[in-house]
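Going down the list, the protein sequences come from chains W and L.
Residue numbers 1 to 322, in UniProt numbering, belong to the letters of the first sequence in order.
Residue numbers 1 to 215, in UniProt numbering, belong to the letters of the second sequence in order.
Just so you know, the hints here were simulated from the structure itself, not pulled from any lab data.
Among the clues, some could well be false.
To be verified - No more than 20 Å apart at the CA atoms, straight line, and that leaves these computed lysine to any residue pairs for SDA-like:
1) K183/W to Q194/W
2) K13/W to F126/L
3) K183/W to I99/W
4) K87/L to I70/L
5) K72/W to T221/W
6) K130/W to A183/L
7) K13/W to L122/L
8) K13/W to P46/L
9) K271/W to T110/L
10) K130/W to P12/W
11) K183/W to N166/W
12) K13/W to M124/L
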Amino acid sequence: MSSSVLYDAPGPKARMRNRIYSVIGTAAIIGLIAFVIMRLADRGHFASEVWNTFNYANVRIAIRDGIFTTLKVFALAGALSLVLGALLAVTRASDHRAIRWLATGFIELFRAIPLLITIYALWVLFLTYKSDLGFVGENNGFWALVIGLAVYNGAVQAEVLRAGFNAVPRGQVEAAYALGLRKSQVMTMLLLPQAVRSMLPTIISQLVVTLKDTSLGYIITYAELLYAARQLANTTLVNGQYIYVPVIMVVGTIYVAMCMALSGLATWVEKRGRRAKTGIAVAAAAEPAEAPGALDPSDPKGPTVDAEQAAAKADEPPGKSD
Amino acid sequence: MNVLLDHFAEFREGFIGTVWLTVASSVLALILGVVLAGFRVSPVPPLRFFGAAWVTLFRNTPLTLLFLTIWFAVPQVFDFGFDPWTKALIVLSVYTSSFVCEAVRSGINTVPLGQAEAARSLGMTFFQTLGTIVLPQAVRTVLPPLSSIFIALTKNSAIAGAFSVTELFGWQKILSDRGFAIAWLFLWVALGYLVITFTISGLFRLLERSLEVAR
Numbered sequence: 001m002s003s004s005v006l007y008d009a010p011g012p013k014a015r016m017r018n019r020i021y022s023v024i025g026t027a028a029i030i031g032l033i034a035f036v037i038m039r040l041a042d043r044g045h046f047a048s049e050v051w052n053t054f055n056y057a058n059v060r061i062a063i064r065d066g067i068f069t070t071l072k073v074f075a076l077a078g079a080l081s082l083v084l085g086a087l088l089a090v091t092r093a094s095d096h097r098a099i100r101w102l103a104t105g106f107i108e109l110f111r112a113i114p115l116l117i118t119i120y121a122l123w124v125l126f127l128t129y130k131s132d133l134g135f136v137g138e139n140n141g142f143w144a145l146v147i148g149l150a151v152y153n154g155a156v157q158a159e160v161l162r163a164g165f166n167a168v169p170r171g172q173v174e175a176a177y178a179l180g181l182r183k184s185q186v187m188t189m190l191l192l193p194q195a196v197r198s199m200l201p202t203i204i205s206q207l208v209v210t211l212k213d214t215s216l217g218y219i220i221t222y223a224e225l226l227y228a229a230r231q232l233a234n235t236t237l238v239n240g241q242y243i244y245v246p247v248i249m250v251v252g253t254i255y256v257a258m259c260m261a262l263s264g265l266a267t268w269v270e271k272r273g274r275r276a277k278t279g280i281a282v283a284a285a286a287e288p289a290e291a292p293g294a295l296d297p298s299d300p301k302g303p304t305v306d307a308e309q310a311a312a313k314a315d316e317p318p319g320k321s322d
Numbered sequence: 001m002n003v004l005l006d007h008f009a010e011f012r013e014g015f016i017g018t019v020w021l022t023v024a025s026s027v028l029a030l031i032l033g034v035v036l037a038g039f040r041v042s043p044v045p046p047l048r049f050f051g052a053a054w055v056t057l058f059r060n061t062p063l064t065l066l067f068l069t070i071w072f073a074v075p076q077v078f079d080f081g082f083d084p085w086t087k088a089l090i091v092l093s094v095y096t097s098s099f100v101c102e103a104v105r106s107g108i109n110t111v112p113l114g115q116a117e118a119a120r121s122l123g124m125t126f127f128q129t130l131g132t133i134v135l136p137q138a139v140r141t142v143l144p145p146l147s148s149i150f151i152a153l154t155k156n157s158a159i160a161g162a163f164s165v166t167e168l169f170g171w172q173k174i175l176s177d178r179g180f181a182i183a184w185l186f187l188w189v190a191l192g193y194l195v196i197t198f199t200i201s202g203l204f205r206l207l208e209r210s211l212e213v214a215r
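Okay, chain L solo, but in the shape it has when bound (with noise of 0.2 Å):
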């Protein structure tokens, strides 16, 4: 108990770092994602190989290995330096982006046939079918594997903690380091973490009442 009042200020800052490096990398996981799926489903075939290559690629890599490629042979690529936070921004957003865009394109094939067929019809060209007809429809059933893989996120960025980015994780570690109560900490620390992926499941169950329709 007196771990938590005596490193509040230690503590706070783990967690905010733990949602900002969440809430950043899920919109950057979200927007790739998209583009990934879009290129998976378009008519030219690179880009279709680029999709599938980039999905089985990244989803049969730990994610550890991806942050220490990140960490010693990106920067061997790149003479610009990153510091530690944009590179784990980066490297949970393509881990992430993998499993949005396969989402998001089994999304796209709950969607009934004939829809596409009629927007064919009525002439509108690749784009206008997926943006204004597919992908709104699309969104409805991609939501719950969303929130499952959003969660997942929130869980695996405990990993940049380990490589030295401000979170929850790294709180923990600084001060079981200096020889506190490992139970504790493993309580308050997993408390943060469920208070995160508690707000993320509730959020997406809103959004989910929110665009429900009859089909």
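So here's chain W without its partners, still in its complex pose (with noise of 0.2 Å):
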């Protein structure tokens, strides 16, 4: 359904109250980005001296380092929750009762911890007991950051691929079965291709998730991008104050970026996957990828909701979207 079915094309009366809402809430938009700008000009935030700073060499240099640093984790701790969430929708249809347990326990425990305690253990596990876990160097916040996004996200991930399982025909697994297949061949021939394919805009937004959360290195004092930036306002004094405002603008339109064009590439998917008529409905990018009822395990609840918005999306004439 599109927004326009909400209200009758607007006739004369319609159109003239529109343009007085129209005008009124463009002019309290820019009203308040007015105000904003205007206050933190009259702070000397845009003075050219404090932006100036962004044109020395080593500002630049630590917030490329922060940059590539995140991106590092990203990269890392992605692949990381890829692989351990595949493996963990694997071993959760297992046929063996002890190990479909375990893998429903450790998916539950760590969904359920916020991950920033998860990660926060890690490091202090990591710096208490670094010699006997045998580590070396000053890694302790890269690994504790590494591992504990990629248990979360794995677990996360594992949630999504067994939504897209769901949204498999039985009748093709029962099919393959007929047909001779081990259940390690269902598995990999049939249900992982289809799940991946049907979930990966959910997928890559729980990507989007995991750039988000490297910032929660900031805390940890891991010298990511968030941290990088922290440093620089706080060591840098211009016209006698903190230049944290340019610096969050700088670094936030970073992230935001960042993230964007993950998204746009789930969106993307999303779109192309529609047009695909295999009968299998594609998620829509950027669900909270949390499946719905998932927190209780005896409900294999498919991605109902998702399945029901691709359907209604597929009636609309191509080429209009909302």
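With the hints as a guide, dock the two chains, each given alone in a separate frame, to form the complex.
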């Protein structure tokens, strides 16, 4: 349903009214932005000396290194979480009860605990038992962040894949068994590829979450982008004040750009997947990755909401989107 | 084990802090999110644009960065200060509202077209159509994603603890700085969060069941 159904094509009176609302709305929004900019300008946050700090080589290197560190953590944690997610999803569908319960317990535990707490606990663990665990060097923060992110997001990706398994029509699995395929073959040749395909937008959306969560490294004082930014703002005094506002603007733009690029990819994949007529609905991008009712292992729910949405959207004429 | 019994008062305080912060920001995020979803489907272009910009901006920004912003940049704009708890409340609500907005909007999209058309042909205005016909039906589809959003909110509130707001994570941080066994602390704090998240999913399951209707 497109939004235009909620109201009639406006007549002359409604057009007038809408125009008035538009003017008031625009004025309010521009007024708010202008107020913020004026206040910040009053405090001297737009002075050229303040922004001039970004011309220094060491400032640029600090930001560049921060971006590289963030991307390094993201790449490693994202890859590990995908591998772990696939592994957990497969073991959760195992025929052996003990293995199934182990996987389910792992997923439920790490999904319920705030990621920050997992990372923090790992960090303290690494710091305390560094020599016992055979760690050398100063990589505690890095590994705490990567492992924490991989474990949490792996648990969520496993749930996403499980929803994908449920989206594959029952008959396909039955047909595969009837053809004499083994369970491992059904898994690798039939279920996993189709689950990945139908859930790809959600998988990418969860990678966006992983990318955003790398900023939790800030709290365990690991030098990723946000921590680098904080250090920069904290140590640079221009015109008698610290340059928090410009640094937050610059770093915020970088984060939003990185995440939007990934989100855009998810939306593109979703639109592309909707064109293909496979009968298996493609999940909507940027949906909350935690499957509905997923906290309850006895209740295997597929992406019902997503399927309905995709079906509703498929009915729309092509080339028209919200 | 002893860690919990010896420091039960701190643990209780942290637990109540988490519950209170979660409940307060859930309510605020829900109100904000529904209003924004209304903006996004309204006939007024600037409001639609504002809603879209809000969602895009806050959904793609790390929560930690938002915390930093309200701690260091927002005081530069407004003269009156907030206490840490209110700051955490604002950040969590604003961040979560963008997710609520998207959930509500996709819920509105699942209401059959004919419903809104019928309402319109009865002569209802935009607000009447939205308020009495579409939103009440959308609520049913929106409940499962909302449940995950509020569970995520509970977990996100842990970040407030790192910014010196009293809640469960703050408790863990203080005690582990004093050198208690991290494994036990981890378990107890995890259990505290589990209680809250299971309560939320249970409540939503009840709501779903009571609002269930044959379509």
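Contradicted hints - numbers only: 10
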